[in-house]
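*Asks:* Residue numbers (our numbering), protein chains in the order written: chain A, 1 to 195; chain B, 1 to 234; chain C, 1 to 532.
Among the clues, some could well be false.
As the list claims (entries may be wrong) - Subject to a maximum C-alpha distance of 27 Å in a straight line, what follows is the list of computed DSSO-like cross-link-like pairs (lysine-lysine): (1) 187(A) - 6(A); (2) 153(B) - 60(C); (3) 373(C) - 125(B); (4) 334(C) - 401(C); (5) 60(C) - 185(B); (6) 60(A) - 401(C).
No lab work stands behind these hints: they were computed from the structure.
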Amino acid sequence: MEKKMKLEVKDLMTIGIFATIYIVVKIIVGFVGVIPILCVILPMITAVVCAPIYMLFVTKAEKFGMITLLAAVVGAVMMIAGYGWLTLVVSFVCGLLADVMTNIGNKRSFGKILAGYCIFSQWGVAMLAPVWMQGDAYFKDLSETMGKEFSDSFRAMTPPWVIPVLIAGIAVAAVIGGFFGRKIMKKHFERSGII
Amino acid sequence: MKGDQKRRSRPNVRSELLFLLAINGVLIGNVKPAVIFALVLFSGLLLCLFCRISTAAKYVLTYCLMFSAEHLLMLLPGISLFHFIIVISSVLRKFIPCFMVGCLILETTTPGNFLASMQRLHMPKVFSLPFAVVLRFFPTVKEDWHSIRSAMKLRGIGLSFGNVIAHPLRTVEYIIVPLLSSSIKIGDELSAAAIARGLGMERDRTSVYDVRFCIWDHLLMLAAAVFFVLITFV
Amino acid sequence: MKIQFENVSFRYESRKTQESVRALDFTVNDGEFILICGSSGSGKSTVGRLINGLAPYFYKGELSGNVMLDGRSVREIPQAELAARIGSVFQNPRTQFFDTDSTGEMAFGCENMGYPPEEIGRRIKQTSAEFGIEELLDKKLFGMSGGEKQKIACGSIYAVDPDVYIFDEPSSNLDLTSIRELARIMKLLKNRGKTVILIEHRIYYAMELTDRIFYMESGTVKEIYSRPDFVKKPLSELHQMGLRTSSEELSQLLADRVGIRSDRGYVDVQQLSFSYRTTAAHQNKTLAIQDLRIPKGSIIALIGENGAGKSTFVKCMCGLEKCEKAVIADNGRKLSARQRLRDSYLVMQDVNHQLFSESVEGELLLSDPDISKEQIESILEMLDLGAFLQDHPMALSGGQKQRVAVASACAAHKKYLYLDEPTSGLDYKQMKNMSRMIRSIKENVSFVMIVTHDPEFIFECCDHIIELEKGSVKSTYPLDKNGQMKLCEHFMSRVIDGGRIVQQGKHNELMQKDGIYRTFVNDRKKAVSRKL
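With the hints as extra help, turn the sequences into a complete structure.
*Replies:* Below you can see the structure in the form of C-alpha cells.
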C-alpha cells in the first residue's frame, strides 16, 4: 500500500494536539521550578515526564517532517510566551535533527527513536540561554551598578562549562524518560489497543 | 453590525508579534532599568486595553516587587547567596515584559483570526495550522487536567507534596495516561469535524475576520521601533 | 442529492476481524428525511461517515461496494467538494468547534470554501436570523451551554448551505429545551427541501419530520419502515430496538418504587455558599444552599436548568471545592471537607479522566491495596464486570468504564456516590443497565446523587428529587405518587407537539383548557392509580 508522504490536514492537527499536551504538561512541571535555582533542572524533568507524549506521537507520526513541526510549534509557543526568538530557532534545529535520526534508514527502532528524543529534548537549553548569553557588556554593566564583587561572584557561578553539562544532563534525562515512555506505551496504550 | 465582517478595534496578531520580536533584546545584554520599566508599563497598558486589567496589574506588581526586593537586598551586607539571588532576580525580571506581550497574544488571538493573519503573511499552512490547533485545544486540555486532578484527589493519589516525593514516576503516570487518552479521543473528534467541514491544504481560505492593519497596528509598530532603538542603542 | 448504497461493506483498520457494516444496499432520495436507529454498535455512525467521506479518508479501513452521490462514487469526489455538499453535525458540542469565537465558528465552513468575506457575512446574518441565534454571535464558545454550542454548529453548516445534512446523535448531551430547539432547526431544513439523515436513539423530537426509518442491527439494515407503519409500533417494541421513550410517553412507564426509605436518617446541608467565575464568560455566580435534607439510603436526582449550579454543588459536597462556612452533617455528625473528600466519589461525564490503572483489577487495588480476592470478585460480580478482570479499562466501552469507576468507588468503601450525566448518549438497553447497576449498589452507600436531565432515567431508578434554580434549592421531594406528578409537570411545563410549543403556562391554567396537557395529566393519574 503506497503511503502519501505529503503532510495532510489530519497530520497537522495531530501535531497541534500533541504539541498542546506537551506544553500543558511542561507548564505543570514548570510549577515545580518556581524556585529560581531549580529552574535549571526543569528541562531535565520535562525530558522524563513528557517522554510518553513524544513516544505516542512518534507512533502516529509516520511521515517525515512531523517531528520537526512538533518541535517548531512547541518552540514557537514558547517564543511567543516570552522566552525569545532563539527558542524557536533551536527547537526547529533540534526537531529536524531528531526527525532525521528517527527516520533514517528503512525501519524504525527503539534506539533511533530514543536518540531522536535526546536531541529533541535539547530545545529546553534555549529557554535558559538568555541567562548565559548576557555577554561581557552585561557584566560590565553589572559591576557598574552593583559593584565588582557581584559581577565576579556571579561570573564564577556561571562558568561556560555549564551549558555542556546541561546538554549532557538533558540527554541522560531523555534516556531515562525514553525507557519510562516505552514502559507506559506497553503497559497502557498497547495493552488497551489504542496503538 | 453583528455578523458583518469582523473588525475589532485592536491590533492584529502580526503587529503584536513584531512588537514581541522587537523587544526580545531586553532579555540579553545591557538595557537601562528605566527603559525596561517603561516597557513594562507600556505592556501593562496594552494588557489593560486589550485583555484584562487584573492580568496587567499582576505582572506590573510582580515586576515592581522583584525590583524593590533586589535593591533592598543590595543594602544588606554582602553575603554570596544574596548576590546570587539578586542577579538571578535581575535576569528573570527581564522576562516579564516578554511574558506580558506573550500573554496578550495567546489569550486574545482566536484560531480563525490567526489562520487568516498568517495567510496574509504567506506563512505555509504546515506551520500555521498546528499552531492554530494549539490555540484552540489549549483551554480544552487545561479543563481536562483540572478534571483529572479532581479525580486523583478523590482517589487519594493527588498531587500532594508527599505523593510527588514518595513515588514521582507513578504520580506522573497517573496524570499522563488519562490526559493522553482523553486528549487523543477529543483530538480525533476535533480533526474529523474540521475535515468534514472542508479544512484542507489545497486552496486558500478566506476569512470573516478583517485582518487589515488599523490605527492600533500602526501605533504598535511605531512603539516597536521606538523600544527597539531604546533597547539596543541606549 | 440522491444517495445510493450498492452492496457496501466497511471494516475499520483498527478492528481486524469484524466488519462494521455489511451489505448495505439502499437509496435515499433527494429531500427525504431519514432516521437511522439501532442499538449502540449497530453501525449507524459508520453509515454517516461513509456518506460524508470520513470513512475511509479519516477513519481508515477497507471499503467494498459503492457509495454513490448523484451517480458519482464518493471515492472519486474530492473531500473539499464533499464538505460543500454534505454537512455534518456531531454528537459532542464540546469537541466540534474549531474557532473559539462564535461568529468565527459560524464562518468556518464558508471560509474553507473560499467564499468572499461579504458573502460570508451575509450568510451568517441570514442563518442567525432564521435560527434565532443573533444574540449568540460574537461570543466566546467556551462560555456557552451545550445547546447553544450545538446551535452554532448547525448554523455553521447551514451557512455553507449543503444539499445533505447528517446528524450523528446530536441530542445526546442536550437537555429537553435544547432538544426542542434542535427539532425546530430540523423542521426548517425539511421545509427547505434538504436531504436529512438523522442517526439517533431519541426519535420522538423529529418524528413528524421523518419520511422513512432505517432500523440497523449488527451492521446491516434490518428493516426499513415508513412513518405511518412505525408510529403504530408499541412502546415495548421500540425499547427492543434501543430507542428511548419520549417525555409524552412517560405516563406509560411503570411506577414501581421499591420502597422509599426515610428510616436511615439524613445528611443535612446548611449554609453552603460558593462564589465562582464561569470560565470564559467571566460572570460571577453564587451558589447559596441554606437548609437541605438529603435522605440517606435513596437515589436522588439533581435536576435544574443549565447554569443552575448542579455541578458546582456536587463538587462542593465532595470536598473538591472549598466552602468554609458550610456545615454538612451526616445524622448529626459533622463532616469536614477532608472527610467528605475521603468518603465521596464522583463519576464524571468524561469517565476517561478517572481510570488510572492498566487493568480492572488494578483499579480496585488502587482504591484499596489490601482488598481481598473475594471482595474483588463480589464487587465485579455485582456490577457485571466479572469477565473483564484483567482487561485494560481503556479498552472497554463507555458503559463498562462507568461501571469500573463505580467499582473502584465500592472498593474504596466510599459512602457518598455522585454521578454527572451518566446517561448521555446511551440507548435504551444501556440506560436500563445503568439504572439497574445503580439500584444494585444502593445498599452499599449512604446515598447516590445523580445530576441528570434525562426524565426516563429518573423514572427508572431515582426515588428522590432535588431541584436547583439559579444557585439555590427550588424544591425537594420524594418520588411517591405526588412526586411523580410534580416531576411530570416539571418536564412538561412546556408541552410540545412534534417540536412546536403548543401550550405554555402553569398547571392550573392548562388544566382549564382542553388540550394535550389536560389529557396527559388525566391519563397519568389513571395510570398511576392503576399501578400502585
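*Asks:* Evaluate each hint against the coordinates.
*Replies:* Against the structure, the hints:
1. With a CA separation close to 32 Å, the supplied pair residue 187(A) and residue 6(A) exceeds the 27 Å bound.
2. Our distance criterion of 27 Å between C-alpha atoms is broken by residue 153(B) and residue 60(C), whose separation comes to about 38 Å.
3. The suggested pairing of residue 373(C) with residue 125(B) is violated, with an alpha-carbon distance near 56 Å, which exceeds 27 Å.
4. Using a Cα cut-off of 27 Å, the hinted pair residue 334(C) and residue 401(C) is violated, with the two alpha carbons roughly 33 Å apart.
5. With a CA separation close to 15 Å, the supplied pair residue 60(C) and residue 185(B) stays within the 27 Å bound.
6. Under the criterion of a C-alpha separation no larger than 27 Å, the hint pairing residue 60(A) with residue 401(C) is consistent with the structure, at around 25 Å.
Taken one by one, the earlier hints fail for this structure at numbers 1, 2, 3 and 4, listed in ascending order.
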